[in-house]
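2 protein chains.
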Amino acid sequence: MSPLELARLTLAGDKRACSRLISLTENEGTGYLDALKAIYPCADKAYVIGVTGPPGSGKSTLTDKLAKTLADGGKRVGIVAIDPTSPFTKGSILGDRIRMGAVSADKNVFIRSMGTRGSLGGLSKATANTLAILSAYGCDYILVETVGVGQSEIDIVRTADTTLMVMAPGLGDDIQAIKAGVMEIADVFAVNKADKDGAKKTQLEISAMLDFRMDWDFKPTVRLTVAETGDGVDGLLGDIMAHRDYLSNGGKLEKKRAYKRMSHIRDIIRDRLDRRVEELMADLAACTDAGRDPYSMSEELIRKIDLTRI
Amino acid sequence: MSPLELARLTLAGDKRACSRLISLTENEGTGYLDALKAIYPCADKAYVIGVTGPPGSGKSTLTDKLAKTLADGGKRVGIVAIDPTSPFTKGSILGDRIRMGAVSADKNVFIRSMGTRGSLGGLSKATANTLAILSAYGCDYILVETVGVGQSEIDIVRTADTTLMVMAPGLGDDIQAIKAGVMEIADVFAVNKADKDGAKKTQLEISAMLDFRMDWDFKPTVRLTVAETGDGVDGLLGDIMAHRDYLSNGGKLEKKRAYKRMSHIRDIIRDRLDRRVEELMADLAACTDAGRDPYSMSEELIRKIDLTRI
Numbered sequence: 006m007s008p009l010e011l012a013r014l015t016l017a018g019d020k021r022a023c024s025r026l027i028s029l030t031e032n033e034g035t036g037y038l039d040a041l042k043a044i045y046p047c048a049d050k051a052y053v054i055g056v057t058g059p060p061g062s063g064k065s066t067l068t069d070k071l072a073k074t075l076a077d078g079g080k081r082v083g084i085v086a087i088d089p090t091s092p093f094t095k096g097s098i099l100g101d102r103i104r105m106g107a108v109s110a111d112k113n114v115f116i117r118s119m120g121t122r123g124s125l126g127g128l129s130k131a132t133a134n135t136l137a138i139l140s141a142y143g144c145d146y147i148l149v150e151t152v153g154v155g156q157s158e159i160d161i162v163r164t165a166d167t168t169l170m171v172m173a174p175g176l177g178d179d180i181q182a183i184k185a186g187v188m189e190i191a192d193v194f195a196v197n198k199a200d201k202d203g204a205k206k207t208q209l210e211i212s213a214m215l216d217f218r219m220d221w222d223f224k225p226t227v228r229l230t231v232a233e234t235g236d237g238v239d240g241l242l243g244d245i246m247a248h249r250d251y252l253s254n255g256g257k258l259e260k261k262r263a264y265k266r267m268s269h270i271r272d273i274i275r276d277r278l279d280r281r282v283e284e285l286m287a288d289l290a291a292c293t294d295a296g297r298d299p300y301s302m303s304e305e306l307i308r309k310i311d312l313t314r315i
Numbered sequence: 006m007s008p009l010e011l012a013r014l015t016l017a018g019d020k021r022a023c024s025r026l027i028s029l030t031e032n033e034g035t036g037y038l039d040a041l042k043a044i045y046p047c048a049d050k051a052y053v054i055g056v057t058g059p060p061g062s063g064k065s066t067l068t069d070k071l072a073k074t075l076a077d078g079g080k081r082v083g084i085v086a087i088d089p090t091s092p093f094t095k096g097s098i099l100g101d102r103i104r105m106g107a108v109s110a111d112k113n114v115f116i117r118s119m120g121t122r123g124s125l126g127g128l129s130k131a132t133a134n135t136l137a138i139l140s141a142y143g144c145d146y147i148l149v150e151t152v153g154v155g156q157s158e159i160d161i162v163r164t165a166d167t168t169l170m171v172m173a174p175g176l177g178d179d180i181q182a183i184k185a186g187v188m189e190i191a192d193v194f195a196v197n198k199a200d201k202d203g204a205k206k207t208q209l210e211i212s213a214m215l216d217f218r219m220d221w222d223f224k225p226t227v228r229l230t231v232a233e234t235g236d237g238v239d240g241l242l243g244d245i246m247a248h249r250d251y252l253s254n255g256g257k258l259e260k261k262r263a264y265k266r267m268s269h270i271r272d273i274i275r276d277r278l279d280r281r282v283e284e285l286m287a288d289l290a291a292c293t294d295a296g297r298d299p300y301s302m303s304e305e306l307i308r309k310i311d312l313t314r315i
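In order, the protein sequence lines correspond to chains E and U. If you number the first sequence the way our numbering does, the last residue is 315 and the count never jumps. If you number the second sequence the way our numbering does, the last residue is 315 and the count never jumps.
There may be inaccurate statements among the hints.
[To be verified] The calculated lysine to any residue pairs, modelled on SDA-like cross-linking and capped at a C-alpha distance of 25 angstroms, are:
#1 K309/E / E10/U
#2 K261/E / Y264/U
#3 K257/U / A287/E
#4 K205/E / L229/E
#5 K261/E / K50/U
#6 K309/E / K309/U
#7 K50/U / K42/E
#8 K260/E / Y264/U
#9 K206/E / G175/E
#10 K80/U / D39/U
#11 K42/E / D288/U
Calculated from the structure, these hints are not laboratory results.
So that you can see chain E by itself, here it is in the shape it has in the complex (with noise of 0.2 angstroms):
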């Protein structure tokens, strides 16, 4: 089947020629880019939620009860799983991903791991094409989850209409240091795992941050959930929804959407300016002279990047 044909059954809601797009365009298949040109003006018609949080949050639990209910709603969602992989192995970090059964087998779920891709901004690159994917084919829904670790998982985030922030009692406090860094960035907040001690300690502490602020114009709310028992997710996905409300007033929706095709644009062309450092460096290994500076040997180096090249 052609590339230009996956695109046109893709946006017919074909959930086979959807699969079949995004493996075509992660791995840069001839045609692929036609096929995403002809699928651009759909690319942003899904509503995309940013699951983050440390590991051992339960978040994965958290995204499918989510994914779930919106699904049992009549939704059409897409589950994006960015998945680290060791650049040593090769090969996933995380191991497989056991998914509930209740929702892999959801015919209105459509589920996709996503590995690094092995270039500075491969994977943000590679994530906002099966984004534009899954809102070709009609997802109402995208949830892309995330450790939230990393310059790449962080650009995937700030890309993300919603962003939800899972957090859990008792992680321990270097965890809850590095959380501080991305609360900026969290619109929902949920301490998952409210059945544990603490979890009312985690809230307060959490509420007590957001205090800190002043000046909001959406303050977000701090949900106590249990993903395993479903406590509190329709809570939680009222909080979304009342952001999602607060975002399309006046604007504010569009200005994040230029902000994500403006963040794609970059990663397209990190992801190919870098391939081309690659190819020097694979001739320069052949040459190192342990004599000569790295400042004056970049300097050469660049000379040489041919741009029609890239």
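Position chain U against the provided structure of chain E, taking the given hints into account.
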């Protein structure tokens, strides 16, 4: 004082000049490249030990103890702490590093924190520059401490001569999984907080993972340590030195150093290209056109990159 004068004094072992040269280089002040070129012949004299491990493993305390032990033995030691900063706050997310008084007051120990620099390749480039300056200053050993997550961090760890992976019992299943990904670059393991329950078990688990591979040239040791009390620290240093001895045979260290030089060149190029891309994106921001697809727009922007301006 001129940058070249700073370089001269740094080479002569002047601690204050060394500190000023690192700051000048971080800020890319006038003449910093000339100074770096001047110290470059001595950039590779120090032995670099990468210390990585998950939050909560106690690797900072262990790093301090290793530095103290080396300094007490008459060695000049540098500690470079990679401190991930939030792109949102532009500040440190781990907070100000509280170092043991004993180490920070030691005249043989030079401590420096590095934050992210904002650009891709920026952190690893800045770290490589700092390592070069500390080496020229006369450090016999430099300990580079990172949290071990994210592409930049892994790039940094890869350039160390010996990589020490610090783990601890009871950090949870998710964290165990993340560790597995970085497992392959570790030359020496420490199970820190060995006075806690489960330390022996963690040690056995790591050993079992290592046993899985049959063709070791240098099989990593797995040492139990209690950084707080210093238990096992001498033994751990012995493990590191054994790896150093191993590298010294048959040109393996030279190969590592050549790889490090290549990485440094790559990071300089990436950093410069990325800054040019950011300039172009800023121009673009004024005229974002939602109707055009990002693939065509990035092709157009790539043509605008003027390599004579990089």
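Check your understanding: Which numbered hints does this structure break?
Key -> Going through the list in order, the structure violates hints 1, 2, 5, 7, 8, 10 and respects the others.
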